[in-house]
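J.: Residue numbers (this note's numbering), protein chains in the order written: chain Y, 7 to 120; chain X, 1195 to 1312.
Honestly, the hints are just simulated from the structure, not real lab data. Any given hint could be a false lead.
One side only, chain X facing chain Y, incomplete, derived with CB under 7 Å [what the hints assert, rightly or not]:
{"hint": "1", "residue": "Y1219"}
{"hint": "2", "residue": "P1234"}
{"hint": "3", "residue": "G1237"}
{"hint": "4", "residue": "L1238"}
{"hint": "5", "residue": "N1255"}
{"hint": "6", "residue": "S1274"}
{"hint": "7", "residue": "S1288"}
{"hint": "8", "residue": "G1298"}
{"hint": "9", "residue": "L1300"}
{"hint": "10", "residue": "F1302"}
{"hint": "11", "residue": "G1305"}
{"hint": "12", "residue": "I1307"}
Because the structure is a prediction, the values reported are computed rather than measured. All residues carry an ideal CB built from backbone N, CA and C; glycine is no exception.
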Amino acid sequence: DVKVTQSSRYLVKRTGEKVFLECVQDMDHENMFWYRQDPGLGLRLIYFSYDVKMKEKGDIPEGYSVSREKKERFSLILESASTNQTSMYLCASSLPRGSGDTQYFGPGTRLTVL
Amino acid sequence: AQSVTQLDSQVPVFEEAPVELRCNYSSSVSVYLFWYVQYPNQGLQLLLKYLSGSTLVKGINGFEAEFNKSQTSFHLRKPSVHISDTAEYFCAVSDPNAGGTSYGKLTFGQGTILTVHP
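With the hints as constraints, model all of the structure from the sequences given.
T.: So, in structure tokens, the structure goes:
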């Protein structure tokens, strides 16, 4: 079974802090994704990566950056956390094109910014 | 850009009743379609997917969905629900022919909260 893990289930930070959310997958997947989930808005893509050191902006990249130094690890960085970044953050991974685009999700990190 | 509309934000049903969760997507070209389920305080789990072939797709936990190309719909059904089916359900679409930096991306609907009452 594919396993995607996220470093924290719950996180509380203060406005202005730098926040790191870590995601690790154990199935050698090329593609990795970061989403945020808000009630009534579904999942919105923040960033994705289709290879080590490669990254692409998703639909809502403002206020976020990412890092992928190793194939299995994809980090989401909030340079200066703000209250409007309070949300559930979900990481996912998938095989490359031709494998059906199925994404496998981690358990999520619920971030609260005070 | 593709879009996905889940027509009901909340669906309350009684246990053992049938249920249908509706999903429409915007694209008329080839698509891959997915239904995911999210139980409280968990990540998303794949229920079923349509890539090609038979338009009736069977998934886990007794769910099935029917791909209707002419109506651009992919509704999820279960003939008899259980309390344990209470969760949020997400419909998603991807474009198998998308190139460049768009490949492999899923577009999600807003979610439907299914609540099963005893």
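J.: Each of the hints needs a verdict: does it hold here or not?
T.: For each hint, the structure was consulted:
no.	hint	in the structure
1	Y1219	violated, 13 Å
2	P1234	violated, 11 Å
3	G1237	holds, 4 Å
4	L1238	holds, 4 Å
5	N1255	violated, 16 Å
6	S1274	violated, 27 Å
7	S1288	holds, 4 Å
8	G1298	holds, 5 Å
9	L1300	holds, 6 Å
10	F1302	holds, 4 Å
11	G1305	holds, 5 Å
12	I1307	violated, 9 Å
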